[in-house]
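Trainee: So you can see what is in the structure, the chains are spelled out below.
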Amino acid sequence: MAEIENLFSKTQHARDAQCQAEGLACRRGAALVFEDVFFHLTSGQALCVRGANGSGKSSLLRQLAGLLPLAAGALTRPNPHKHTHYLGHADGLKAALSIGETLAYEAALAGQGADHAADLTARLGLAGRDWQYVGDLSAGQKRRLTLARLLLDPRPLWLLDEPMTALDEDGRALVGALAKAHLASGGMIIAASHEPLGFANAELVLGAQI
Amino acid sequence: MTTQRRIFAAICRQHIRLSWRNGQTVLAVSFLFIAITLLPFGLGPELKLLRALAPGLLWVVLAISLLTSLERLFQADYEDGALDRLLLVPLSFEAVVLAKLLGHYVALVLPLIAAVPLAGLLLNIEAARLPILVAAMLCGAPALVMAGGIGAALAVSVRRGGLLTVLIAMPFYVPVLIFGAAAARAGLQGGVDVAVDVGAYLGVLAALSAASLLLAPFAIAAALRAALR
Chain P
1 MAEIENLFSK
11 TQHARDAQCQ
21 AEGLACRRGA
31 ALVFEDVFFH
41 LTSGQALCVR
51 GANGSGKSSL
61 LRQLAGLLPL
71 AAGALTRPNP
81 HKHTHYLGHA
91 DGLKAALSIG
101 ETLAYEAALA
111 GQGADHAADL
121 TARLGLAGRD
131 WQYVGDLSAG
141 QKRRLTLARL
151 LLDPRPLWLL
161 DEPMTALDED
171 GRALVGALAK
181 AHLASGGMII
191 AASHEPLGFA
201 NAELVLGAQI
Chain W
1001 MTTQRRIFAA
1011 ICRQHIRLSW
1021 RNGQTVLAVS
1031 FLFIAITLLP
1041 FGLGPELKLL
1051 RALAPGLLWV
1061 VLAISLLTSL
1071 ERLFQADYED
1081 GALDRLLLVP
1091 LSFEAVVLAK
1101 LLGHYVALVL
1111 PLIAAVPLAG
1121 LLLNIEAARL
1131 PILVAAMLCG
1141 APALVMAGGI
1151 GAALAVSVRR
1161 GGLLTVLIAM
1171 PFYVPVLIFG
1181 AAAARAGLQG
1191 GVDVAVDVGA
1201 YLGVLAALSA
1211 ASLLLAPFAI
1221 AAALRAALR
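Line by line, the protein sequences give chains P and W. Using our numbering, the first residue of the first sequence is number 1, and each one after it goes up by one. Using our numbering, the first residue of the second sequence is number 1001, and each one after it goes up by one.
No wet-lab data here; the hints were simulated from the structure. Because the structure is a prediction, the values reported are computed rather than measured. Treat the hints with care, as some may be off.
Residues from chain P shown here face chain W by an in silico Cβ test under 8 Å; the list is partial [to be verified]: (1) 65; (2) 84; (3) 88; (4) 180.
Partner residues aside, some chain P positions facing chain W, computed with beta carbon under 8 Å [claimed, not checked]: (5) 82; (6) 86; (7) 92; (8) 94; (9) 105.
The C-beta atom is built at its ideal place from N, Cα and C for all residues, glycine as well.
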């Protein structure tokens, strides 16, 4: 874990980066999912979004990633195309590719050569499995593979939807260590989760006021 | 700039690799051969008849083979979340769409067109006429891919949306088939004015492709964005 903690030591995100929501509302079809959501996050802070099933946690993250339109309110946020990572329920991994090919592809999407992906398997706890097809991996192993995106491209805002799902004890510790290193380097995290995260220092509960 | 080029190339290469590995390329080419093999059974084994019909039949079978491959053009990416991922790369979504369409052209259309001469021989086509037919297909096929892409994007959120894709794309195929078959016919007739005719038809096909290349990525990107909401 020590190497994870040093991972982002060279990265320093802007200290004035912020993510702010003012009176955010979300509509899915005719139903109003949530309204009047306010929060203000600055460099180095993490927010944990909680709420019952259907309270709009995932929708809020998708709005922050620019994938869903706002029904009302205003949003100040880093550019989704350059400065935001979004890890949702659907992982976008391809069963027909090997781990090595997937990592090379992710490296290219991050604008880097395949050599950057070379030592990632060890960091993610997938050492020696470069040749294995993603379709043969377990849910937890796939989850670990998606974490490669966070490592390949240093973006200040991380949006994590249920980041602990399917991960074992070791995997959860890995996510925790990554998140702490990211926050220490001035990043921001907004995570939707039912479980304790261990790194969040603020909570937003959706659906509580209704 | 180099970063954007690298991302574009990676998306294109990914699409080609997945088309080969998921067997879509082999399936489409096999479909073309099977359809061409079946035709003489329906039309009768008359060599003259087959020779006269061959260019038109090859065009129609190429278009249908292409249509069958289009259903999955964006649907797999839509369902597994890869489109979400591609919306967040530092590249305009229109360029992402173009990269995938280019990948589709290389992975599927080029193998299909490469198979056309062999399939043409099964229909007793004159070998000397094949170059014009293949040239017409190379010029016209981008328009077919773009039109099919619009259909695939509009039907992306519909499960088993293959037929819907076909219904949306079919009308756009009409001009390409008209001019494509005309070019092949002109090429088959021989004569003084033929070279001029063929050149004009190929020009129209190329123009159709160029126009669709310019417009379709915007339409497809808009349709996919709307579907992801």
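Trainee: Hint compliance check: list the failing hint numbers for this structure, sorted ascending.
Mentor: 4
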